[in-house]
Amino acid sequence: MTFLKQFPTTLLAMACLGLAAAPAANAAAHAPAKSAKAPKKPAIDYSGEFVNFGQWKDVQQFMGDLEQKHGIPLAESEKLFLELRYIDAAVQLVKPAPPGKPKNWQAYSARFIEPKRIRAGIDFWNANRDALARAEALYGVPAEIIVGIIGVETLYGRDMGKFRVLDVLATLAFSYPPTPNREVRMAFFRSELEAAIVSSRQAGLDPLALTGSYAGAVGLPQFMPGNIYTLGVDFDNDGKVDLRNSPSDAIGSVANFLVAHGWKRDDPAPLAYPATMSPERAWEKYLNGGLDPKYRGEELLAAGVHPATDLPPGMYGLVDLQNGSEATEYWVGSNNFFSITKYNRSYFYAMSVVELGKAIKLSMKETM
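Counting along the sequence shown from 1, when you hit position 267 you're at 268 in the numbering used here, and nothing is skipped either side.
For the record, the hints were derived by calculation from the structure and aren't laboratory data.
Glycine is no exception: its CB is placed at the ideal position from the N, C-alpha and C atoms.
Among these hints, one or two may not hold up.
With a cut-off of at most 20 Å between alpha-carbon atoms, the simulated SDA-like pairs for lysine to any residue come out as follows [unchecked claim]:
(1) Lys343 to Gly263
(2) Lys102 to Arg346
(3) Lys295 to Asp321
(4) Lys295 to Pro269
(5) Lys104 to Ser347
(6) Lys286 to Gln323
(7) Lys80 to Asn53
(8) Lys163 to Arg86
(9) Lys163 to Val95
(10) Lys163 to Glu84
(11) Lys117 to Gln107
What follows is a set of in silico ranges between Cβ atoms, one per label pair, in the way DEER data are often shown [said to hold, decoys possible]:
(12) Lys58 to Leu363: 53 to 59 Å
(13) Phe51 to Lys343: 35 to 41 Å
(14) Arg297 to Lys96: 36 to 42 Å
(15) Asp66 to Ala44: 33 to 39 Å
(16) Pro271 to Ala111: 17 to 23 Å
When you get a sec, could you build the whole thing from the sequences and use the hints?
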């Protein structure tokens with residue numbers, strides 16, 4: 002199957018101009034602050050610097066592949082790449098945290114389970130009740146999980162990013178920082194760059210008008226370009242997928258993404274169970290089990306994992322939420338908990354989604 006055939010034309014008609022007017026993204030500094038007294042956070046360089054990408058050997062190979070696979074004339078690609086800029090901020094932001102810096106779940110979660118985000122989540126839920134109910138009925142994904150994801154990702158559209166998507170994708174596709182998985186990550190960003198260029202061209206849209214995060218994600222749910230066209234849903238039935246301006250499309254697309262990554266309608270709630278651990282520590286071998294539920298509840302119980310409530314039949318994984326110098330929290334995650342980690346490969350992320358959604362749902366009940 003060719004690349005173009007993977008992306009239906011109706012999905013390719015998404016509102017490119019809408020994506021171009023995104024609010025500021027959380028990103029690290031590039032330029033130094035000028036204040037001599039209280040240093041401010043350095044400004045983010047969204048525009049980047051000119052480099053002649055077209056002279057790079059790997060870019061020349063990429064442009065040749067575009068011509069061979071998709072019929073894009075070499076001259077057209079060369080003209081496009083002359084417009085692209087190198088975004089150093091993107092390179093700095095994708096670098097891993099410095100070694101030795103302890104993880105801290107409480108500090109991480111405080112950034113997301115906060116009054117401002119809860120209030121915005123209530124407003125979003127109230128404004129989109131019908132779409133959320135329809136998505137829950139169609140996909141089996143509870144409204145609070147969808148609301149939790151969109152809240153963590155962009156604070157309900159307030160922080161969708163304003164980097165040009167092709168700039169950051171080209172930067173990371175061909176100049177990813179040195180890391181153990183550098184080649185894998187570069188291959189991923191090259192595929193996303195290909196998706197953005199080819200699909201925009203087919204839809205007659207300006208690829209340079211696409212804006213998003215420092216990693217190239219766009220819209221309320223921060224979908225990468227490839228996911229927009231493979232998993233994006235025209236949930237408001239207006240003939241296009243618009244993840245910036247249509248909350249309904251964002252809601253349907255999030256639910257569709259989770260189902261595509263293992264969400265099961267009949268998986269019992271809750272998604273995660275707090276647990277205490279036996280001092281014998283036979284359970285340690287179940288840590289670092291990856292992003293899939295691999296163990297039966299009986300196995301974990303036999304190893305000294307004691308959930309706060311009985312585990313229904315099913316497959317689970319052991320989740321450790323480190324708290325710096327404080328005691329680590331342990332949870333037993335269900336299949337659906339682990340499907341959220343496919344959205345962002347982090348236990349912290351998945352638990353923040355669960356806890357934010359739970360807090361919003363509880364606050365709504367209290368105000369009724």
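Hint-by-hint comparison with the structure:
1. Simply put, Lys343 and Gly263 have alpha-carbon atoms about 9 Å apart, close enough for the 20 Å limit, and the pair holds.
2. Using a Cα cut-off of 20 Å, the hinted pair Lys102 and Arg346 holds, with the two alpha carbons roughly 19 Å apart.
3. At roughly 15 Å between alpha-carbon atoms, Lys295 and Asp321 fall within 20 Å of each other, so this suggested pair holds.
4. Taken as a hint, the Lys295 and Pro269 pair is honoured in the structure, with Cα atoms around 16 Å apart against an allowance of 20 Å.
5. For the suggested pair Lys104 and Ser347, the alpha carbons sit about 12 Å apart, so the restraint of at most 20 Å is met.
6. This hinted pair checks out: Lys286 and Gln323 have alpha carbons roughly 17 Å apart, not beyond 20 Å.
7. Straight-line distance between C-alpha atoms of Lys80 and Asn53 comes to about 11 Å, which keeps the hinted pair within the 20 Å bound.
8. Between Lys163 and Arg86 the CA atoms are separated by roughly 14 Å; this keeps the pair inside 20 Å, and the hint holds.
9. With a C-alpha separation of about 16 Å, the suggested pairing of Lys163 with Val95 holds against the 20 Å cut-off.
10. Between the alpha carbons of Lys163 and Glu84 the distance comes to roughly 17 Å, so the proposed pair stays at or under 20 Å and holds.
11. The suggested pairing of Lys117 with Gln107 holds, with an alpha-carbon distance near 17 Å, which does not exceed 20 Å.
12. Between Lys58 and Leu363 the beta carbon distance is about 56 Å. The supplied range of 53 to 59 Å therefore holds.
13. Hint check: Phe51 to Lys343, Cβ distance near 37 Å, so the stated range 35 to 41 Å holds.
14. For Arg297 paired with Lys96, a C-beta distance near 38 Å keeps the hint of 36 to 42 Å intact.
15. A C-beta distance of roughly 36 Å is found between Asp66 and Ala44, which places it inside the suggested range of 33 to 39 Å.
16. Under the hint 17 to 23 Å, the C-beta atoms of Pro271 and Ala111, about 21 Å apart, fit the expected range.
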